[in-house]
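*Asks:* All chains should be modelled from the sequences, with the hints used to inform the complete structure.
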Amino acid sequence: MTAMRERLRIARYLIAENPVNIVAFGLFVLLVLAAIVGPLISPYDPLTTNTSIALQPPSALHWFGTDQLGRDVFSRVLVATRLDLFIAFSAVLLSCAIGSIVGALIGYFGGWLDATVSRGVDILMAFPLFVLAMAVVAALGNTVINVVYATAVINLPFYIRLARAEINVRRTLGYVEAARVGGSGHFRVLRVFLLPNILSPVVVQASVNLGWAVLNAAGLSFLGLGVRAPTPEWGIMVAEGARFIASGQWWVVLFPACALMVTVFSFNLLGDAVRDILDPRLRT
Amino acid sequence: MSRVLFRLLGAIPTLFGVVLATFLLTRVLPGDPAIFFAGNPSMDAQAIQEVRQSLGLDKSLPQQFVIYLRQLAHGDLGQSISTGLPVRQELMNRLPTSAELTVCAFLLALFTAVPLGVMAALKPGSVVDQLCRLVSTLGVSLPTFVTGLLLIYVFYYLVGWAPEPIGRIDPFIALPPKITGFLLIDTLLQGDWAAFVASAKQLVLPAVTMALFALAPLARMTRASMLSVLSSDFIRTARANGLSWRTVVITYAFRNAMLPVVTTLGMTFSYMLGANVLVEQVFAWPGIGAFALNSLISLDYAPLQGFMLVMAAIFLLVNLVIDILYAVIDPRAELER
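Just so you know, the protein sequences line up as chains A and B, in that order.
Be aware that the first sequence starts at 1, since it is given in our numbering, and climbs by one per residue.
Be aware that the second sequence starts at 1, since it is given in our numbering, and climbs by one per residue.
Treat the hints as calculated values from the structure; they're not laboratory data.
Heads up, a few of these hints could be off.
[What the hints assert, rightly or not] Derived CB-CB ranges, DEER-like:
1) B:Leu-61 to A:Pro-58: 49 to 57 angstroms
2) A:Val-37 to B:Gln-49: 53 to 61 angstroms
3) A:Leu-33 to B:Leu-69: 52 to 60 angstroms
4) A:Arg-228 to B:Leu-69: 35 to 43 angstroms
5) B:Val-159 to A:Tyr-13: 39 to 47 angstroms
6) A:Arg-228 to B:Ala-73: 53 to 61 angstroms
All residues carry an ideal CB built from backbone N, CA and C; glycine is no exception.
*Replies:* Laid out in structure tokens, this is it:
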């Protein structure tokens, strides 16, 4: 309870110290809200085309203008929030869960399992990660869920290494030994005594990774991998608008790009804030 | 020297794993390459079967892997279906194109980020420090493809300084004969000043785009590491012994501060190789990333396989160089860490 209060105190201090953190938090809340109610409140249908109003600049009627098929860019940006956040959150959650369990197991038991898995992680890390993600989407098939898997795969090595290292230093500590002597099995030791203790570095890693996951997923769909054409998604919207930027129709690209930027920006700031709260030693 | 050799040997199992991983990955690619190779989905089953046999696709996976390894040992990366040329030739043709871009961007990032980070650390809270913070925040928040498009909009459409983003060189300028494949070098060797300027102009925006992206982690790392070194005891001692601030910063602090920066270089380079694909897409840059993407979309797996291998090999090499560099900067560091 005191630890909790201590963290709240640090949180208050951080907010007071750096007002940007409030902005970041506000943006985060806004984004989550947009993801939840976006499709309900969008002024136009994000998929309805109307070529008679194609490529119109922003106006009172269409806040962010219209794209090459006359679709309302504002509605599309708004509706896309849900998909983009879904991909990022589920990918990070997935790699976080699998990575920390695998890392914990190999860190605890060691031996050939550790050697094999660690070697596998080295091989994963030997590829440039984005290239690896491209190949994974290509191999699994061009769908949204595979973008989630691909993003999760390239995040996995970080969690495995982190959890392995954290467990490794703790498994010989007195309280683990005491638990073993007290009759707890290996899995109970892991579940009750070790995993909860590595939770905070893992959460720190996850919150720092979130922005990166958004960027990766958007990059993949920018290349035409994963999300299919009419679906509103920021990366693919930027890709579609790219053709028009050289002829000056900036709004088709700029607004989804800004959405991406704002998202990543707020996630990064929040990630840093979470890190400062949970692990103040890591501050830079 | 023997340490370097040892380190090289240590990379072999990883390299083997990489080969195995690329092999397996491309074997699970959707679509039947035999039908693709046959060129016509309506061909009769007999012909498809023949193609499959000629490609060795009727054999078991381990057998195929052995064949693949044997081919690799001969430097044979297979044939590209969409272009009909050997993959090795395709990659060799395009590699200098990508390398030119990546190396320029990398150097640009390095020589901007390090001074920026150092200056920011010397005067925390100053204008430079704020600039450093701004650049590193922007660099991580802006997707590369967005930076590229925004730069095109501003410098090509609005201001008109940059040429149209349509590849390496203006199509109306005759290409110099290929010597190194690096246009900047080839045109200079040829003494063709106009072509050099034209290709340099094409290179600026994509290189800046990539550099901006790589700048962020490097500047941030330099600043943080310089700050921590400057506050350490040996710097205080050096200052107390009356050494000039200049000597202290340049010879004492800088060298020590570079160690963590060198370590981040590897990761930065990995991100750059990935970002390369995106930047090439934005600027219609005809490099290996664009080639790999096209093969990926047309389910042409030999080029993709080759691309993954080349990427991984480059990355392994870069990491090796970084390890050696680390040992040069810090003689205490064992190469075997």
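*Asks:* Hints broken by the structure, by number, lowest first?
*Replies:* Those not satisfied come down to hint 6.
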